[in-house]
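Keeping the supplied structure of chain A fixed, place chain F upon it in accordance with the hints.
Going down the list, the protein sequences come from chains A and F.
Using this note's numbering, read the first sequence as starting at 1 and increasing by one per residue.
Using this note's numbering, read the second sequence as starting at 1 and increasing by one per residue.
For the record, the hints were derived by calculation from the structure and aren't laboratory data.
One or more hints might be untrue.
As the list claims (entries may be wrong) - Straight line, CA to CA, 30 Å or less: simulated DSSO-like cross-link-like pairs of lysine-lysine:
hint, chain 1, residue 1, chain 2, residue 2
1, F, Lys57, A, Lys49
2, F, Lys71, A, Lys49
3, F, Lys71, F, Lys9
4, A, Lys22, A, Lys58
5, F, Lys9, A, Lys49
6, F, Lys57, F, Lys71
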Amino acid sequence: AQSVAQPEDQVNVAEGNPLTVKCTYSVSGNPYLFWYVQYPNRGLQFLLKYITGDNLVKGSYGFEAEFNKSQTSFHLKKPSALVSDSALYFCAVSPSVHGSGNTGKLIFGQGTTLQVKP
Amino acid sequence: DGGITQSPKYLFRKEGQNVTLSCEQNLNHDAMYWYRQDPGQGLRLIYYSQIVNDFQKGDIAEGYSVSREKKESFPLTVTSAQKNPTAFYLCASSPGLAGVLYNEQFFGPGTRLTVL
Chain A
1 AQSVAQPEDQ VNVAEGNPLT VKCTYSVSGN PYLFWYVQYP NRGLQFLLKY
51 ITGDNLVKGS YGFEAEFNKS QTSFHLKKPS ALVSDSALYF CAVSPSVHGS
101 GNTGKLIFGQ GTTLQVKP
Chain F
1 DGGITQSPKY LFRKEGQNVT LSCEQNLNHD AMYWYRQDPG QGLRLIYYSQ
51 IVNDFQKGDI AEGYSVSREK KESFPLTVTS AQKNPTAFYL CASSPGLAGV
101 LYNEQFFGPG TRLTVL
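Chain A on its own, in the form it takes in the complex:
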């Protein structure tokens, strides 16, 4: 079964410290990977995506993510956390299955709450 796992329900980090939000996936074929952020009672905002090429992807608001095919991981990182980064983060995957079943369907992880303390 295709799935995405975010092993941590919550990540706590002090402002100014580096942060990592973990994501692992299990899909057939080569995955397209995404990170989204959600602030309370709001929709999801796109942060970054991995399609192909360089394993280190840079995105919005200083976030980056590293694709590791051997470990089937796509961890989200930021060198220096801000209090305003506190939010709910979702990892998602779009399986690259070609054919009549293409849907653009995203499989989401359950989300990780990031808490950045001053």
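Then chain F, alone, in the frame of chain A:
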């Protein structure tokens, strides 16, 4: 939240009533999606549409219905057959069919539905 609007922001429903959630986009996107969000469960796909007058069931379509009569509109009806409809509902869209697998989805602000 881009060019996607959802209304209403909050919706209260009595048991046995059908309600319709609105989703409109002005991004000229072909594909549109409806997700349901419950605490600790991430997002689950209800229905999606890749083109006008066509839509497919997602993972949890039972008790829901949709229509896609116009490119910019994809309303979701929560019927009385949906046993546990209280949730946060998110609509999303993405560009053309050629890039449907790797284009990011753009999300609306959501509708919070509560059954009284």
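Hints, one by one, checked against the model:
no.: 1; hint: F:Lys57 to A:Lys49; verdict: holds, 26 Å
no.: 2; hint: F:Lys71 to A:Lys49; verdict: holds, 26 Å
no.: 3; hint: F:Lys71 to F:Lys9; verdict: holds, 22 Å
no.: 4; hint: A:Lys22 to A:Lys58; verdict: holds, 16 Å
no.: 5; hint: F:Lys9 to A:Lys49; verdict: holds, 29 Å
no.: 6; hint: F:Lys57 to F:Lys71; verdict: holds, 18 Å
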